[in-house]
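Peer 1: The hints should help you fit chain B onto chain H, whose structure is shown.
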Amino acid sequence: MTAPSAARTALVTVASVVVALLICALVFVFAGQSPAEVYGTMLRGTLGDPTGLAEVGRRTIPLLLIGTGLALAFRAQFFNIGAEGQLLLGAVFAAGTALFLPVPGALLIPAVFVAGFVGGGLWALVAAALRRVNVNEILSTLMLNYIAVALVTYLIAGPWKGKDVRGYIYTDNFPQGAWLPTFSGTQVHWPTLLLGVALALGLQWLLTRSTFGYALRVVGENPGAAHYAGLSSTRVATLVALLTGGLAGLAGAGEVAGIHHRLLEASQISLGYGFTAVIVAWLARGNPALCLITAPLMGVILAGGDLLKIDLNLPFRVVDIFSGVILLCLIASEVFVRHRVQWGRA
Amino acid sequence: MDSIVIEALVRALAVGTPLLLACLGAILNERAGVVNLGVEGMMAVGALAAFAVASKSPDASLWAAVGAAMLAGAALSLLHAFATVTLRANQFVSGLALALIGTGAAGLLGKKFEGLPLFNKVPDWTLGGFTISPFTVAALILAGLLAFWLTATRGGLTLRSVGENPAAADVLGVNVGLTRVLAVLGGGALAGLAGAFLSLSYRSSWADNMTNGLGWIAVALVIFVGWRPLRAIAGALFFGFLYYLQFRLQGNSNVPTEVFSAMPFILVLVVLALAGVRGQAGDAPAALGRAYVRGER
Numbered sequence: 030m031t032a033p034s035a036a037r038t039a040l041v042t043v044a045s046v047v048v049a050l051l052i053c054a055l056v057f058v059f060a061g062q063s064p065a066e067v068y069g070t071m072l073r074g075t076l077g078d079p080t081g082l083a084e085v086g087r088r089t090i091p092l093l094l095i096g097t098g099l100a101l102a103f104r105a106q107f108f109n110i111g112a113e114g115q116l117l118l119g120a121v122f123a124a125g126t127a128l129f130l131p132v133p134g135a136l137l138i139p140a141v142f143v144a145g146f147v148g149g150g151l152w153a154l155v156a157a158a159l160r161r162v163n164v165n166e167i168l169s170t171l172m173l174n175y176i177a178v179a180l181v182t183y184l185i186a187g188p189w190k191g192k193d194v195r196g197y198i199y200t201d202n203f204p205q206g207a208w209l210p211t212f213s214g215t216q217v218h219w220p221t222l223l224l225g226v227a228l229a230l231g232l233q234w235l236l237t238r239s240t241f242g243y244a245l246r247v248v249g250e251n252p253g254a255a256h257y258a259g260l261s262s263t264r265v266a267t268l269v270a271l272l273t274g275g276l277a278g279l280a281g282a283g284e285v286a287g288i289h290h291r292l293l294e295a296s297q298i299s300l301g302y303g304f305t306a307v308i309v310a311w312l313a314r315g316n317p318a319l320c321l322i323t324a325p326l327m328g329v330i331l332a333g334g335d336l337l338k339i340d341l342n343l344p345f346r347v348v349d350i351f352s353g354v355i356l357l358c359l360i361a362s363e364v365f366v367r368h369r370v371q372w373g374r375a
Numbered sequence: 005m006d007s008i009v010i011e012a013l014v015r016a017l018a019v020g021t022p023l024l025l026a027c028l029g030a031i032l033n034e035r036a037g038v039v040n041l042g043v044e045g046m047m048a049v050g051a052l053a054a055f056a057v058a059s060k061s062p063d064a065s066l067w068a069a070v071g072a073a074m075l076a077g078a079a080l081s082l083l084h085a086f087a088t089v090t091l092r093a094n095q096f097v098s099g100l101a102l103a104l105i106g107t108g109a110a111g112l113l114g115k116k117f118e119g120l121p122l123f124n125k126v127p128d129w130t131l132g133g134f135t136i137s138p139f140t141v142a143a144l145i146l147a148g149l150l151a152f153w154l155t156a157t158r159g160g161l162t163l164r165s166v167g168e169n170p171a172a173a174d175v176l177g178v179n180v181g182l183t184r185v186l187a188v189l190g191g192g193a194l195a196g197l198a199g200a201f202l203s204l205s206y207r208s209s210w211a212d213n214m215t216n217g218l219g220w221i222a223v224a225l226v227i228f229v230g231w232r233p234l235r236a237i238a239g240a241l242f243f244g245f246l247y248y249l250q251f252r253l254q255g256n257s258n259v260p261t262e263v264f265s266a267m268p269f270i271l272v273l274v275v276l277a278l279a280g281v282r283g284q285a286g287d288a289p290a291a292l293g294r295a296y297v298r299g300e301r
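If you read the protein sequences in the order shown, they are chains H and B. Per this note's numbering, residue 30 is the first one in the first sequence, and the count goes up by one each step. Per this note's numbering, residue 5 is the first one in the second sequence, and the count goes up by one each step.
Just chain H, with the same shape it has in the complex (with noise of 0.2 Å):
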């Protein structure tokens, strides 16, 4: 059996996108808005002008990062949905760090971004721990996730509640040692864009090129060829969950000490970013270098949803929506890419 051609997978793959959002069109018809005004409200207020791209940027950082180690994952057949949990882990040590530890001040950024990593790492590795006694690892990362909003919510209202603050629930401002620099005027804090695009680069090279890359692939691919290969599958999970969380705690990172400055709330940290993730990862099939298209792509959805919520009033939910048909639509087109479609009898 040949691998069906870049050209034909990509040809379904833009299909398909394209027919989910005519599946949201007429959600929307039956939520009597307009698709035309929804669209077109979508389209002006983020490609539109530059304080619309900049916003899209913001939100493209963490997509990049998570979407990145989740294609990874996805290889590797480690499905891991709690990357909203583990990108919460990594605000809370990259938090930690910047509030509480006596780092000096020109390492206090790398030190922030590798206790994001850190932190989101450990918590993904609880999960291929569970693993290795035969826990699934899609109910044990989504348990997780609502275990980590607690977390941080303790951590806001309790031990860590900011001096300065009364009625509200976040820790007091990082010191400014810690701020992200951002691109003038915006929220795009381009240390965290960069650490993204390297490591989309990075990941592509050690998937495709590498000994580990390679052991990666036959772990997902074909288990039972791992096996008698002498490739130890519990290593290999291990490893890439270790790479998928760190990668989604290093976007909590970015998201604490580029933009917010404070440890608060898990719905204001993270706007969806762990499960939007997941299509830009699944969009890319797999390959890292490609969420560097695709994650823009779900930015202009995140942005766009932002946008629907302030000028058409509508729940920040419809992301939600555009992200699960988005994704039905993509594993159903698969039998596309496999198998032509002969009209009438052969």
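Possibly wrong hints are sitting among the right ones.
[Stated by the list, open to error] Pairs of lysine-lysine, DSS-like flavour, derived with a Cα cap of 25 Å:
id : chain 1 : residue 1 : chain 2 : residue 2
1  : B       : Lys60     : B       : Lys125
2  : B       : Lys125    : B       : Lys115
3  : B       : Lys116    : B       : Lys60
4  : B       : Lys115    : B       : Lys60
5  : B       : Lys115    : H       : Lys338
6  : H       : Lys338    : B       : Lys116
Derived from the structure by calculation, the hints contain no laboratory data.
Peer 2: Just chain B now, kept in the frame of chain H:
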């Protein structure tokens, strides 16, 4: 003393009802070999559909509301059936998409119902001084019926054969695809019913994200109870009791409330790990999660 025990039991049963209903639905489709992770989404649309029908007027038929919830859940699950049975897409990813679509659609379509009162909530029954929801009674009866149907009837045997060895069932003339589609629809209808309990009886209102992870816990519960409907009663009771404790202890102790809100999810991890260590995954239907392609091993 006795009355406290009974009260705890009754309360645990009430909170455990949506878990039990959704878990029974998931057992139904998983026994036919199809995993559906979209329970959270199907529950959400069920809750919304029931509330939308019941809140139309004070004398709207509650039967119609319950029917609407089951239809909504089944309709959403039809997407999953089409994707995974007809197009043989990955069941886990499709279920995840379903959860996103369901919660998203409920959030979008339900915005106008947020905060509205429900005039005709499903009346509770009083049994020996304790109130119990008709949904709870129905869930218990359903568990018994499903257990009986799966083990002692021809239809149940057919369904199980499709989940254990679809190729053999196919050879014997069973329509594997149709059986699986019907099982998924049944699972969706039961998840919708669980949602109806939340919006018509337990909360008697509608709010975004009112399912709050119950659907995911129900999916995990299926593994914990080893795909057996009668054990699901005990499993749902256990988690119901946990929620009851959370409700009772909140504010009455020095333990931060976040510990209680995280507790059900931590316990799911613990019981799944225990089930894994005991090797309970071996109880899973043999063809669970795999699409059936005729002539392929």
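Peer 1: All hints, please: hold or fail.
Peer 2: Now the hints, each set against the structure:
no. : hint                 : verdict
1   : B:Lys60 to B:Lys125  : 12 Å, holds
2   : B:Lys125 to B:Lys115 : 20 Å, holds
3   : B:Lys116 to B:Lys60  : 12 Å, holds
4   : B:Lys115 to B:Lys60  : 15 Å, holds
5   : B:Lys115 to H:Lys338 : 12 Å, holds
6   : H:Lys338 to B:Lys116 : 14 Å, holds
Hint compliance for this structure: every hint is met.
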